[in-house]
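Just so you know, the protein sequences line up as chains A and B, in that order.
Quick note: the first sequence uses the numbering used here, first residue 232, plus one each step.
Quick note: the second sequence uses the numbering used here, first residue 698, plus one each step.
Calculated from the structure, these hints are not laboratory results.
The beta-carbon is built from N, C-alpha and C at its ideal position, and this holds for glycine as well.
It is possible that part of the hints are untrue.
[Claimed, not checked] Ranges of calculated distance between the beta carbons of each label pair, as one might list FRET restraints: (1) B/Gly701 x A/Leu329: 55 to 63 angstroms; (2) A/Gly284 x B/Phe840: 36 to 44 angstroms; (3) A/Met330 x B/His794: 18 to 26 angstroms; (4) A/Gly284 x B/Gly701: 51 to 59 angstroms.
[What the hints assert, rightly or not] From chain B, some residues computed to sit far from chain A (all C-beta separations above 10 angstroms): (5) Ser699; (6) Gly701; (7) Gly705; (8) Asn830; (9) Pro869; (10) Lys870.
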Amino acid sequence: MTINQFLILGALLFSLGVYGVLVRRNAVAVLLAIELMLAAVNINLVAFGSLLGDTLHTGHIFALFVITVAAAEVGIGLAIVILIFRNRSSVNVDELDLMKW
Amino acid sequence: MSFGEWIGQSENLVFLAVGIVMLVAGWWVVTTRNLVHAVLMLVVALAGSAALFLLLGAEFVAWTVVLVYIGAVVVLFLFGLMITRAPLRRDPVPLDHSRRWPALAVAAAVFATLAYATTTFFGWVEGGPVERNLTGDVGDLLFKRFVIPFEAVSFVLLAALIGGIVLARKDPKE
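Make a model of the complete structure from these sequences and hints.
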């Protein structure tokens, strides 16, 4: 297994996530696309940790940290989305212009 | 290394199959009009990433992905969809912006930049032999060398837990 095959798969998944973040209107769908990007980063990190001959396995450890932070991000993100839905009865990101000057 | 040699190795064949499934699932996540389908396809994509981690000898990370992502995060997403009355195809409101092509161009540029930068840096060489049964080593490292980041990240998780409760509960004064 070469490292590059994992890097290209990670780049493809990451750009799918970028596309989803840019094109979706629903805030929950945007969060879903962000999860896709985080999964792509995890693939890269684990590939580095396994294939570069790192005795500290830093890639694996950092993938675990990324998973933890992603879980925290989803919790807070969905709480904010629910709060916005309660106040404005819509979670479409293009209708949230409250802070637009 | 030619493509024939590359595909001749069984683990690369597994990688290709899992990778294609992941990409199709990921495309589905960002394009489907039914958000529940999007969440379920995210499960497929994350399960594919767990399979790749098993292929790379990172069992602990793989099972953490299964437990945390597929077990908890996806359920959280489904709850979020139910609570915010997400569009489920029957809705006339479009789920996507009309400006699809600029987004596609940006995504293609991101892919080109990332793929060019990373592949030219590492080159097409065979990676080192994959070690198996790393769970003990990872546990040792996590509680010795990386114990301070570990504690910091657990504090982040605690703060997120409290923040989520505080944000989402109803104000008792109202």
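Hints, verified against the model:
1. A hinted range of 55 to 63 angstroms for the beta carbons of B/Gly701 and A/Leu329 is consistent with their spacing of about 58 angstroms.
2. The hint said 36 to 44 angstroms for the Cβ distance between A/Gly284 and B/Phe840, and at roughly 23 angstroms that hint is violated.
3. The beta-carbon spacing between A/Met330 and B/His794, approximately 19 angstroms, falls within the hinted interval of 18 to 26 angstroms.
4. In this structure, A/Gly284 and B/Gly701 break the distance hint of 51 to 59 angstroms, their C-beta atoms being roughly 27 angstroms apart.
5. Even its closest Cβ contact with chain A, about 12 angstroms, leaves B/Ser699 beyond 10 angstroms, as expected for a residue assigned away from the interface.
6. Against the 10 angstroms criterion, B/Gly701 stays outside the reach of chain A, whose nearest CB is about 15 angstroms from its own CB.
7. No beta-carbon of chain A comes within 10 angstroms of the beta-carbon of B/Gly705; the shortest separation is about 12 angstroms.
8. Once the 10 angstroms rule is applied to beta carbons, B/Asn830 is consistent with being away from chain A; the minimum gap is 12 angstroms.
9. With a minimum CB-CB distance of about 15 angstroms to chain A, B/Pro869 clears the 10 angstroms threshold, and the non-interface call stands.
10. Even its closest Cβ contact with chain A, about 15 angstroms, leaves B/Lys870 beyond 10 angstroms, as expected for a residue assigned away from the interface.
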